[in-house]
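S.K.: Sequence:
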Amino acid sequence: MGGKRKRFVQVECNCKKGNKLSEVSFTHNQSDTSDPDSLSSNSIKYIFEDRHNVIWLATGNGLNSFDRTTGKFKRYQHDVRNSHSISTNNLERGFGKSIKEDAEGNLWIASEKGLNKLNAERSAFTSYLHNPDDAYSLSTNDVIALHIDKAGILYVSSWLGKLNVANLNVKAFALRRHDPNNLNSLSSNAVTSIIEDSSGIIWIGTFGGGLNRWNKNTNEFTHFRHKPSNPKTLRSDTIQALFKDGHGHLWIANGVVLSRLNPQNLNSFTTTIISEMRRMTIHDLFVLLLKTGTDFFGWEQEMVLNVSMRKRVSLFNIIFSIPPTLME
Numbered sequence: 001m002g003g004k005r006k007r008f009v010q011v012e013c014n015c016k017k018g019n020k021l022s023e024v025s026f027t028h029n030q031s032d033t034s035d036p037d038s039l040s041s042n043s044i045k046y047i048f049e050d051r052h053n054v055i056w057l058a059t060g061n062g063l064n065s066f067d068r069t070t071g072k073f074k075r076y077q078h079d080v081r082n083s084h085s086i087s088t089n090n091l092e093r094g095f096g097k098s099i100k101e102d103a104e105g106n107l108w109i110a111s112e113k114g115l116n117k118l119n120a121e122r123s124a125f126t127s128y129l130h131n132p133d134d135a136y137s138l139s140t141n142d143v144i145a146l147h148i149d150k151a152g153i154l155y156v157s158s159w160l161g162k163l164n165v166a167n168l169n170v171k172a173f174a175l176r177r178h179d180p181n182n183l184n185s186l187s188s189n190a191v192t193s194i195i196e197d198s199s200g201i202i203w204i205g206t207f208g209g210g211l212n213r214w215n216k217n218t219n220e221f222t223h224f225r226h227k228p229s230n231p232k233t234l235r236s237d238t239i240q241a242l243f244k245d246g247h248g249h250l251w252i253a254n255g256v257v258l259s260r261l262n263p264q265n266l267n268s269f270t271t272t273i274i275s276e277m278r279r280m281t282i283h284d285l286f287v288l289l290l291k292t293g294t295d296f297f298g299w300e301q302e303m304v305l306n307v308s309m310r311k312r313v314s315l316f317n318i319i320f321s322i323p324p325t326l327m328e
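In the working numbering, the protein residues as written are 1 to 328.
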């Protein structure tokens, strides 16, 4: 995330057609060592809203929940005296989505020290760690991305530790890995992001292995790689994040480039270089698709807002600062 301080920013906007982004109002929330109801850290990695409209923030000093009615934060931090606390306070490691909620209301949290599950009552954590004596345990503890598909299957990416797949009762993890002797296997074990499209296909971004399309019915992986001679391919084989929009398009972040793929046309990627961010690296691309249709594109140090003017935006939340030039 770099050394710059990050803030949790609430943004309220009446973005009807004709309104300017300069009319958006901001409320800044920062860590205060003298206030236990403030953020535990200004270094925020990921933001998530659960079914009860509670905001959750993965930070460099624990997990935080935010009550928008009171404006107060609650901290969930590691306690060596409590085996049901979160396994670590460092939740900054992930590339992609690091908090997910299952059908029963449990939260799943990625960390540098394994996978954590916070129960629906928000009272206790269960930690899942790598065990070298158990072939069905988590492949490594350095978890960087999570996904839960429509069938309730949990996908866990750990850095250079292959793709872990499990039912939500998590009695055993099955591995999907690169096999140099199988052209239809995962292209790389360094999985950075996982997402499912409307047809149930799993898309997997990798660090150096490009994009994978996984058909679970046939267990075959189709690879999409950068080809210098073809401008309609991926700009790079290193993918930091994957997201889909309301039209079913897949967005791929690599470097300072956004690529878009229509799953119905797999032969052409549309590439955009964001001029304002040309000198920056896209570390996380957050697309929070609210019911309003608002898209958010988040960078390591900045954020670009792309607000749909067709519908009213009542409330949304941002965890990165917005360049002043984009607010003019």
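By construction, these hints were calculated from the structure, which means they are not laboratory data. Note that the structure is predicted; figures quoted are calculated from it, not measured. Glycine included, every Cβ here is placed at the ideal spot set by N, Cα and C. Careful: at least some of the hints might be erroneous.
[Stated by the list, open to error] Lysine to any residue pairs mimicking SDA-like chemistry, simulated, CA-CA at most 25 angstroms apart:
no.: 1; residue 1: K232; residue 2: N217
no.: 2; residue 1: K171; residue 2: D149
no.: 3; residue 1: K74; residue 2: G105
no.: 4; residue 1: K113; residue 2: N182
no.: 5; residue 1: K150; residue 2: D133
no.: 6; residue 1: K244; residue 2: D102
no.: 7; residue 1: K74; residue 2: D149
no.: 8; residue 1: K150; residue 2: D134
no.: 9; residue 1: K162; residue 2: S123
no.: 10; residue 1: K100; residue 2: T126
no.: 11; residue 1: K74; residue 2: A103
no.: 12; residue 1: K150; residue 2: P180
no.: 13; residue 1: K150; residue 2: N131
no.: 14; residue 1: K162; residue 2: R122
[To be verified] Simulated DEER-style distance windows between Cβ atoms:
no.: 15; residue 1: G152; residue 2: Q77; range: 37 to 45 angstroms
no.: 16; residue 1: A172; residue 2: S198; range: 43 to 51 angstroms
no.: 17; residue 1: K72; residue 2: S198; range: 36 to 44 angstroms
no.: 18; residue 1: H52; residue 2: L175; range: 29 to 37 angstroms
no.: 19; residue 1: K216; residue 2: H247; range: 22 to 30 angstroms
no.: 20; residue 1: P36; residue 2: R81; range: 33 to 41 angstroms
S.K.: Hints first: check each against the structure and report whether it holds.
M.R.: These are the hints, each one checked on the structure:
no.	hint	result
1	K232 to N217	violated, 28 angstroms
2	K171 to D149	holds, 18 angstroms
3	K74 to G105	holds, 18 angstroms
4	K113 to N182	violated, 31 angstroms
5	K150 to D133	violated, 32 angstroms
6	K244 to D102	holds, 19 angstroms
7	K74 to D149	violated, 29 angstroms
8	K150 to D134	violated, 28 angstroms
9	K162 to S123	violated, 31 angstroms
10	K100 to T126	holds, 15 angstroms
11	K74 to A103	holds, 23 angstroms
12	K150 to P180	violated, 30 angstroms
13	K150 to N131	violated, 28 angstroms
14	K162 to R122	violated, 30 angstroms
15	G152 to Q77: 37 to 45 angstroms	violated, 29 angstroms
16	A172 to S198: 43 to 51 angstroms	violated, 29 angstroms
17	K72 to S198: 36 to 44 angstroms	holds, 38 angstroms
18	H52 to L175: 29 to 37 angstroms	holds, 34 angstroms
19	K216 to H247: 22 to 30 angstroms	holds, 23 angstroms
20	P36 to R81: 33 to 41 angstroms	violated, 18 angstroms
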